[in-house]
Amino acid sequence: MDELLTLQEQLLANLSRKERYLLTQIDWSNRLIGIKGARGTGKTTLLLQRIKFKLPKEAEPLYVSLDNLYFLENTLVSLAKEFVLRGGTHLFLDEVHKYPQWSRELKLIYDQFPNLNTIFTSSSILEIYKGESDLSRRAVSYHLKELSFREFLFFDKGLELPKWKLADLLNNHKDIARQIVAATGTPIKDFENYLNYGAYPYFLENKTSYFQKLIQTINLILEVDLNAVENMAYEDSRKIKKLLVAIAQSAPFTPNISKLSERLGMSRGFLLNAIKLLNRADLVMELFKPTKGIGALTKPEKLYLNNSNLVYVLGKQNTEVGTLRETFFANQMKNLHDIHLAEKGDFIIDRKYTFEIGGKGKSTKQIKDINNSFVVRDDMEVGSLNIIPLYLFGFLY
Numbered sequence: 162m163d164e165l166l167t168l169q170e171q172l173l174a175n176l177s178r179k180e181r182y183l184l185t186q187i188d189w190s191n192r193l194i195g196i197k198g199a200r201g202t203g204k205t206t207l208l209l210q211r212i213k214f215k216l217p218k219e220a221e222p223l224y225v226s227l228d229n230l231y232f233l234e235n236t237l238v239s240l241a242k243e244f245v246l247r248g249g250t251h252l253f254l255d256e257v258h259k260y261p262q263w264s265r266e267l268k269l270i271y272d273q274f275p276n277l278n279t280i281f282t283s284s285s286i287l288e289i290y291k292g293e294s295d296l297s298r299r300a301v302s303y304h305l306k307e308l309s310f311r312e313f314l315f316f317d318k319g320l321e322l323p324k325w326k327l328a329d330l331l332n333n334h335k336d337i338a339r340q341i342v343a344a345t346g347t348p349i350k351d352f353e354n355y356l357n358y359g360a361y362p363y364f365l366e367n368k369t370s371y372f373q374k375l376i377q378t379i380n381l382i383l384e385v386d387l388n389a390v391e392n393m394a395y396e397d398s399r400k401i402k403k404l405l406v407a408i409a410q411s412a413p414f415t416p417n418i419s420k421l422s423e424r425l426g427m428s429r430g431f432l433l434n435a436i437k438l439l440n441r442a443d444l445v446m447e448l449f450k451p452t453k454g455i456g457a458l459t460k461p462e463k464l465y466l467n468n469s470n471l472v473y474v475l476g477k478q479n480t481e482v483g484t485l486r487e488t489f490f491a492n493q494m495k496n497l498h499d500i501h502l503a504e505k506g507d508f509i510i511d512r513k514y515t516f517e518i519g520g521k522g523k524s525t526k527q528i529k530d531i532n533n534s535f536v537v538r539d540d541m542e543v544g545s546l547n548i549i550p551l552y553l554f555g556f557l558y
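Numbering (my numbering), first residue to last: 162 to 558.
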């Protein structure tokens with residue numbers, strides 16, 4: 162175990178203090194905490210920041226990635242036992258989906274070591290409660306989203322701006338927008354940069370190689386994570402990659418499952434399951450109408466790529482401004498609010514608020530008779546009445 166402690170110190174040595182939003186939202190008093198999220202969103206950094214900056218001084222932590230060669234000859238339970246005997250209090254386990262018996266051994270650790278706090282991360286593909294052992298009564302789960310526009314401004318320019326709840330934003334959007342304009346000077350230009358390369362922290366290292374790193378991340382999700390979580394054959398992962406490219410070429414679109422399965426050489430069942438996997442992997446978003454149930458074999462009404470950066474890197478010729486607007490709005494709402502496709506307008510949020518997304522020429526005509534309806538436009542710094550600047554929805558987290 163000594164080599165693991167040495168590696169931890171090396172990782173902590175040059176750690177950034179710029180924190181993701183989730184670090185302060187997690188209830189760290191829980192004994193078993195799961196943090197899910199797509200590759201590249203910062204789960205590892207979040208764990209290390211908790212260790213270095215947030216733990217009480219008397220705590221004795223250990224960080225370890227489950228793909229470490231240490232686990233070729235040692236089990237997770239044996240590590241936890243030795244760690245507790247040495248006085249360990251907080252065990253941080255990164256990428257548990259790469260450890261074959263992760264759920265069973267996490268359950269054993271929880272039951273056998275009541276004074277040990279265990280925090281683990283996993284691919285967003287992993288369904289924590291569907292492992293070998295049911296962790297539903299033990300683990301508290303959180304989801305780490307990509308960077309919001311607010312976080313991008315903090316990471317890129319050092320601007321510390323507050324989060325706003327959706328209701329506050331809808332009621333006070335003019336005052337909030339004026340605060341942001343005063344702080345940033347030109348939020349529209351920054352927002353365009355965010356749509357292009359701001360969803361993942363890779364831009365901090367090198368903006369010119371951002372797309373290359375994002376493509377590498379996509380490939381790792383499809384070729385490594387899918388295999389680790391779903392035990393998927395390489396040939397099947399290649400089929401799913403073809404599906405992702407097909408979605409990117411025409412998203413957002415209403416999928417014709419019969420035509421798509423024929424075109425890609427997939428059965429209907431495989432295709433629907435593949436779409437669900439891409440959704441869980443945070444590569445696409447499935448959207449439904451509020452009147453439609455969502456089941457394992459339910460066809461989504463519409464498919465979007467998960468964020469605007471993916472549109473740029475995968476969509477290429479399909480980077481239309483309308484696609485970018487809708488993708489950004491849906492992404493910022495996803496996992497924070499209940500989002501559906503609207504009968505009139507584009508989206509309905511929490512089954513209450515209707516939004517029509519557009520540009521300079523977008524009027525309120527289409528939603529004029531709908532209560533709690535708003536036009537969201539991307540060409541303005543400060544809105545008026547029920548017309549709200551699009552970039553403001555990047556301040557929800």
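Any given hint might turn out to be false.
Below, in silico cross-link-like pairs of lysine-lysine (PhoX-like), each with a Cα-Cα straight-line distance of 20 Å or less [what the hints assert, rightly or not]:
#1 K477 / K374
#2 K523 / K335
#3 K437 / K495
#4 K420 / K463
#5 K420 / K403
#6 K403 / K350
#7 K463 / K402
#8 K450 / K460
#9 K460 / K477
#10 K350 / K326
#11 K523 / K505
#12 K400 / K437
#13 K526 / K505
#14 K460 / K403
#15 K450 / K437
#16 K523 / K495
#17 K463 / K529
#18 K335 / K374
#19 K179 / K368
#20 K368 / K513
#21 K318 / K350
#22 K505 / K529
#23 K350 / K374
#24 K400 / K460
#25 K477 / K420
#26 K179 / K402
#27 K403 / K463
#28 K402 / K460
#29 K460 / K513
#30 K318 / K335
#31 K495 / K350
#32 K529 / K513
#33 K324 / K460
Just so you know, the hints here were simulated from the structure itself, not pulled from any lab data.
So, going through the hints one by one against the coordinates:
A threshold of 20 Å between alpha carbons decides the hint, and for K477 with K374 the separation of about 16 Å falls inside it, so the pair holds. With a C-alpha separation of about 18 Å, the suggested pair K523 and K335 falls inside the 20 Å cut-off, and the hint holds. Of the supplied pair hints, the one linking K437 and K495 holds, its CA atoms being roughly 15 Å apart against a limit of 20 Å. For the suggested pair K420 and K463, the alpha carbons sit about 15 Å apart, so the restraint of at most 20 Å is met.
At roughly 14 Å between alpha-carbon atoms, K420 and K403 fall within 20 Å of each other, so this suggested pair holds. Taking the CA atoms of K403 and K350, the gap is about 34 Å. The hint is violated against a cut of 20 Å. Annotation: proposed proximity of K463 to K402 holds, straight-line Cα distance about 19 Å (limit 20 Å). Using a Cα cut-off of 20 Å, the hinted pair K450 and K460 holds, with the two alpha carbons roughly 11 Å apart.
The suggested pairing of K460 with K477 is violated, with an alpha-carbon distance near 26 Å, which exceeds 20 Å. Taken as a hint, the K350 and K326 pair is broken in the structure, with Cα atoms around 24 Å apart against an allowance of 20 Å. Pair hint K523 plus K505 holds up; C-alpha atoms about 14 Å apart against a cutoff of 20 Å. A threshold of 20 Å between alpha carbons decides the hint, and for K400 with K437 the separation of about 14 Å falls inside it, so the pair holds.
Distance hint between K526 and K505 is fulfilled; the C-alpha atoms sit about 11 Å from each other, no more than 20 Å. Annotation: proposed proximity of K460 to K403 holds, straight-line Cα distance about 18 Å (limit 20 Å). The suggested pairing of K450 with K437 holds, with an alpha-carbon distance near 17 Å, which does not exceed 20 Å. Taken as a hint, the K523 and K495 pair is broken in the structure, with Cα atoms around 24 Å apart against an allowance of 20 Å.
At most 20 Å may separate the alpha-carbon atoms for a hinted pair to count; K463 and K529 exceed this at roughly 24 Å. For the given pair, K335 sits about 37 Å from K374 by alpha-carbon distance, which is inconsistent with the 20 Å threshold. With a C-alpha separation of about 18 Å, the suggested pairing of K179 with K368 holds against the 20 Å cut-off. Taking the CA atoms of K368 and K513, the gap is about 39 Å. The hint is violated against a cut of 20 Å.
Only pairs whose Cα atoms come within 20 Å are accepted, and K318 paired with K350 is accepted, the gap being roughly 13 Å. As the CA atoms of K505 and K529 are separated by approximately 10 Å, the hinted pair is consistent with the 20 Å bound. Among the hinted pairs, K350 with K374 is inconsistent with the structure: their alpha-carbon atoms are about 23 Å apart, more than 20 Å. Between the alpha carbons of K400 and K460 the distance comes to roughly 18 Å, so the proposed pair stays at or under 20 Å and holds.
For a cut-off of 20 Å, the pair hint linking K477 to K420 is broken: about 23 Å separates their Cα positions. Distance restraint check for K179 and K402: the Cα-Cα separation of roughly 33 Å exceeds the 20 Å cut-off, and the hinted pair is therefore not satisfied. Under the criterion of a C-alpha separation no larger than 20 Å, the hint pairing K403 with K463 is consistent with the structure, at around 18 Å. Proposed proximity of K402 and K460 is supported: the alpha carbons are some 19 Å apart, at most 20 Å.
Pair hint K460 plus K513 does not hold up; C-alpha atoms about 24 Å apart against a cutoff of 20 Å. Between K318 and K335, the direct Cα distance comes to roughly 23 Å. Violation of the 20 Å bound is thereby established for this hinted pair. With a C-alpha separation of about 24 Å, the suggested pairing of K495 with K350 is violated against the 20 Å cut-off. For the proposed pair K529 and K513, the alpha carbon gap of about 15 Å is at most 20 Å, so the pair holds.
Proximity of K324 to K460 is assessed by CA-CA distance (about 34 Å); at most 20 Å being required, the pair is judged violated.
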